[in-house]
Every structure is written in structure tokens, then in C-alpha cells.
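> Each chain, written out:
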Amino acid sequence: MSPETAPDELSLPGVPRSTSADGHDLVFPDRAAYHDVVSAHREAGFEMLAALTAVDYLGHPGRPLPAGVVPERFELVVMLLSMAQVRRVRIRVQVPEDAAEVSSLWDLYRGAEAMEREAYDMYGISFVGHPDLTRILMPEDWEGHPLRKDFGVGRVPVQFKHAPGPR
Amino acid sequence: MTGPDTTSPFVKETFEGSQELASRHDTSPEELEREVGSVLRLPESHGVEVSDLDVERPDDETMIINMGPQHPSTHGVLRLMMELDGETVLRTKPVIGYLHTGMEKTAEELTYQQGSTNVTRMDYLSPLNNELVFSLATEKLLGVELPPRAIWIRMLLSELQRMSSHLMWLATNGMDVGSTTMMIFGFRERELVLGFFEKTTGLRMNHNFIRPGGTAADLPDGWEDDVEVILDNVTARLSDYDALLTGQPIFNERMEGVGSLSAEEAIALSATGPILRSTGVAWDLRRTMPYLAYEEVDFDVIIGTYGDNFDRYAIRINEIRESVRILWQVLDKMPSGDYRVQDKKVTPPPRARIDESMEALIHHFKIFTEGFKVPEGEVYVAIESPRGELGCYLVSNGSSKPFRMHIRAPSFVNLQSLPVMMHGGLVADAVATISSVDPVMGEVDR
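Chains A and B are the protein sequences, given in the same order.
Going by this note's numbering, the first residue of the first sequence is number 1, and it counts up by one from there.
Going by this note's numbering, the first residue of the second sequence is number 1, and it counts up by one from there.
Think of the hints as simulated: they come from the structure by calculation, not from any bench.
Any given hint might turn out to be false.
[Claimed, not checked] Here are the computed lysine to aspartate or glutamate pairs in the EDC-like style, where the Cα-Cα straight-line distance is at most 16 Å:
id, chain 1, residue 1, chain 2, residue 2
1, B, 199, B, 218
2, A, 149, B, 108
3, B, 333, B, 295
4, B, 345, B, 332
5, A, 149, B, 109
6, B, 401, B, 355
7, B, 93, A, 150
8, B, 140, A, 22
9, B, 333, B, 296
10, B, 105, A, 150
11, B, 140, B, 359
12, B, 199, B, 240
13, B, 401, B, 218
14, B, 373, B, 191
15, B, 401, B, 376
[Stated by the list, open to error] Simulated restraints on C-beta separations:
id, chain 1, residue 1, chain 2, residue 2, range
16, A, 16, B, 355, 52 to 60 Å
17, A, 59, B, 368, 20 to 28 Å
18, B, 321, A, 17, 37 to 45 Å
19, B, 85, A, 101, 32 to 40 Å
20, B, 295, A, 58, 36 to 44 Å
21, B, 239, A, 153, 47 to 55 Å
22, A, 19, B, 295, 31 to 39 Å
23, B, 398, A, 153, 35 to 43 Å
24, A, 71, B, 117, 28 to 36 Å
Just so it is clear, CB atoms sit at the ideal spot from N, CA and C, and this is done for glycine as well.
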């Protein structure tokens, strides 16, 4: 891919964009356009999926977003890297709580497999089209998704000498 | 069934399926294709058509064995499920999570001041790099500019850490292919570096020395001499390693052409670090996206050609040489000045000031009880750790604790390329190949 194909010239009508404080391009597609937007970036020379993760914005709804982006509880964050152009782009997708489902990037980037499994394990976001969407870090019979904000931290009660026995 | 029913009513909804490989009799052709092509993460070039699959093949011709999680050569609690045809590895599935302790969740409970004690425990072979990436991300959110001496101290520690990590890798890799001499040599030289770290930071690992705002303390008196001794020793002994390993026929037989990977596969699988460079892609974040003061030092990015185990060995041993080169320049160019920013809201005051200044006491108390507040925003910072791209995605909601901290761990992502490297190889080479990926399980599972 030639370095001239800068992503600024990517025609992504109706997809809000901005630049983050750290100088990376931010793209905010909605869930329906997500796969196509990533695919367009891949065509434009972003050959590596550097990272994929999610954030649970429960309790912090007022984050700054460009006009036209409706904040939802979850946000999927995808870091793409172009080695030829030496630049990064960050794609942030709003994922609602009641339909936590997005299409998988596995058909574009094989490296998405473990990262999407981790996001699924930690946040319960389903990736449609993922070949093996199972838990990766937690035991497979674990209940709940631990990085959600409403998942308790859990604690072991301190055992004092004359404490009542285990309940 | 006797006794009370202990099954939770939620189990049905949350059970995500077994992680076991089903035997070939029990799997349909579609499922089998799914497993061969994707679950075991082989790229399309290795993908198998349904019609090519020998579905009727009796199970006793291939064998599924588990390697780990307690196998000594898996470098921690890595479990591999391997399907073998005789001695040949067909499919592999890394099963991870045995060391998962929820460090990203823990990070949300700790202030930024405490956060570096948490991240330093992830990659326990290069803890200073973890502290560095967390501190860089926090400083980017804060918008503080570091004094030059802090930057160069960080570079000094980061390169020493790269040396010690690669020496440790040479040691364990030597042990994996049967050279116990190399194991002793590697640990011996690493000890020099760890001794310097102990003198500088007080600890041999999990230093918590690089903190948001600079470093915890200045370098000790006479640090130049200590570093020079390390560099002279390591330089002299690197030629011993060459005599012991590089030109040695048995070692070459074990490493050359084993576990090879193509550049396309490495990029598709998001592999970074020595794995990506061994395939001939000159991608080193120190060079391509410089952080700290890496633009001001001369060094070469080492790349390989064949993407095999030998290339990954050669890259690591030569990266030690490049680190030595960088460190000589750091010794020359180390500026004087502050080792942390003089922003009273971010860095605690010097101990001596607390006795004489009320403000200093208040700032000290505030920082250690509440921590400092970080402006709202989100940031992704990546550095080149000895294992590849180590990234930190940090979201702040304006409080003194991170709202979300994600570490993009290079070992976690690099493990995905293991099944591709091992496909078609011998089970005896699997150990060498696992070693050449250099996974640190603390970082994989976090």
C-alpha cells in the first residue's frame, strides 16, 4: 500500500471523526458501520490490529464525544496501526447494554481472536462471526464478566481469633 | 444423584462451552474445519478444506496430549493442547488464564500514585518497562513535561532491563535446548544488572521506581562505574555465548528452520517484537515511533530473514549488543538536573522539606492519601518492551484513580502465533519454539 493513501482521504460519509489529545485519529462509527469502517482502514494500509479492548462507562456517562455520537454503556476501542505510514488510528464504537453485540474482526485480522475473546470474557460483549467465542482468562464456568463496573471486587473476610465460623 | 442440588441457577446461562478439543469421531466436518482453520488459529494458507479432511480416520492414529500447565519448559503456567500424528504436531491450542489475578480490575481501585506497583507485577522479567508505559500514559493525560535527566534515567533503566530480560531469555532458551552452561551464564550476567537495580531502586524486581512524574529517586553515587563494569563484562561474555551457541552445530540443528513464520502471518496475527523482526519487518517502536530520547541515540534495528527460532535467537543476542551501544551513549549524555517534575501537585516534596514547610507537609499528605487528580480523557501509549509492543490504554474520569486501565501485553498477543510456528514441526522442537516466543505468563494472564 502506498504511503500516499492517507486515511484523511478515506471516504467514510456520516462517520464522526476527531483527534485525541495524544495526536491519534479517532473514528466513531456506529455498530452497523463498524466492520466496514475497519475494513476500509485495512484497505487504506492499516495492516495491523494493535489492540482491541472495551470500556464500561457505567457511572461516567458524560464523556466528551463528537456531535452525532450517542453515548452507550460500553465502548469498544480498536487500535489500528499502519507500519507503512507510521501512524495509528483509534476506532471507538458505542455498544448498548441490552444488545451487547458487534461483528467480529476475525475475518479481517486473525490476531483479533484472543483479543476479542478477552473483551468477551471481561465485558460480555459478543462478537458475531468469531470462530471460538469462549472465555479465555476466567474459568469457563465463571458467572458474570469481571471488568464490568457493577461486578463487585470481592473480598475475603479477615479471620480473627474468635470470629464466628464460615457462613 | 444424592444430596442437595448445588448447581447455581445461573450456570446454564453463563456456561460458555468446554475448552477441550473433542475427539475427531465426535466432531462434524464443519466443526472440524472450524477447529483446524481457526480455533487453533492457523491462517488461511494452512487452512484445510472439508473434503481434504480424513474424517473417517481412527482416533488412535492421532493423539491429543496436554503439555502443561505444570510442564517446566512452558515458562510458567502455559498449557498447550497438541494434536500429534506420531511425532508431528498438527494442531495446537494454547490454554491460558491460570495466572489471571484481575490486575486491570485492581488498577481501577488504586490511585495513579499506587498504580505503578500494580503494573510492575505483570511482566516480571521487565518490570521497569511496565512502570514506564503506565507513567508515560499518566503523564500524557496530565500534560506534564519531564526534566531531561528523568528521561535519560528512564532510558538507562529501560535498556538495562532489556539486557537483563534478553539474558534471562538466553538462559532459559539454553536450558530448553539442553545447554545448561548457557543457563548458568545467562543468570550470572543477569545478576550483574539485578545488583545494579537493587542498589538503585532497593529491589531486584517489582521496583516501583519509574513513577508518574519522573523516578522515585536519583541514581546512586558512582552509578557510572557500576554501569561501565556491567557493560564491559557483558560485552566480553557475549563472545563466549557466540562460541558456546551461535556457531555450534548441535544448537544450529535445533534452531535453524524450526518454528518458522512468514511476515504476512506475523502481521496478520498482530505479532510484534523479536517475532515480527525475525520475519524481516524492521518495526521497532524505539525507531519508528520514538519515545523518551531514542531519537538522540544511535542504534540499529536487528532483523532476521527466515522467521525461525535461530533468527529470534540472533535478534535477541544482537539486541543486547545494541543496548550496550545505547548505554555507552547514555553514560556520555546523561544530563544533570531534576529527576522528577517540580509540580507539587504530582510529585511528593523531598523528605527534608516536610520538616520545615507546612505546605510541603500538606502536599505530601494529600498525595499519599488521596493521590493527584488527572484530567478527563483517554490515551494510548505504546513502547517497545523486550517482548514487543507494550501498550497502555488509560481512561480518566477526572478523579485520582484510573477509570479503566488496559495493558496491551505483547506476550498475550504473541502467543497466537505459536500454533502457526508449531504446525508440522516435531514435538521435540515444540519446547524450543515455545521458548523462542518468550512468553511471560504474568503478562499473558494479568
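> 37 to 45 Å was suggested as the range; check whether the CB atoms of residue 321 of chain B and residue 17 of chain A agree with it.
Once the Cβ atoms are compared, 43 Å apart, the range 37 to 45 Å for residue 17 of chain A and residue 321 of chain B holds.
> Hinted pair, alpha-carbon criterion (16 Å max): residue 401 of chain B, residue 218 of chain B. Please report holds or violated.
26 Å, violated
> Has the hinted range 36 to 44 Å been met by the Cβ atoms of residue 295 of chain B and residue 58 of chain A?
Given a distance of about 41 Å, which is inside 36 to 44 Å, the answer is holds.
> Assess, step by step, whether the Cα of residue 401 of chain B is no farther than 16 Å from the Cα of residue 376 of chain B, and give holds or violated.
11 Å, holds
> CA of residue 333 of chain B to CA of residue 296 of chain B, is that 16 Å or under?
9 Å, holds
> Against the 16 Å threshold, does the CA-CA distance of residue 373 of chain B and residue 191 of chain B hold or violate the hint?
39 Å, violated
> That 47 to 55 Å hint for residue 239 of chain B and residue 153 of chain A (C-beta), does it hold up?
For residue 239 of chain B and residue 153 of chain A the Cβ distance comes to about 52 Å; the hint holds.
> Run the distance test for residue 345 of chain B versus residue 332 of chain B: straight-line Cα separation, threshold 16 Å.
Given pair residue 345 of chain B, residue 332 of chain B is violated - Cα atoms ~32 Å apart, limit 16 Å.
> CB of residue 19 of chain A to CB of residue 295 of chain B, is that within 31 to 39 Å?
At roughly 23 Å between Cβ atoms, residue 295 of chain B and residue 19 of chain A fall outside 31 to 39 Å, so the hint is violated.
> Hinted pair, alpha-carbon criterion (16 Å max): residue 105 of chain B, residue 150 of chain A. Please report holds or violated.
It holds: about 12 Å lies between the C-alpha atoms, which stays within 16 Å.
> Between residue 140 of chain B and residue 359 of chain B, does the CA-CA distance stay at or below 16 Å?
Violated - the C-alpha atoms of residue 359 of chain B and residue 140 of chain B are around 26 Å apart, more than 16 Å.
> Run the distance test for residue 199 of chain B versus residue 240 of chain B: straight-line Cα separation, threshold 16 Å.
27 Å, violated
Of the hints listed earlier, those the structure fails to meet are numbers 4, 6, 7, 11, 12, 13, 14, 22 and 23, in rising order.
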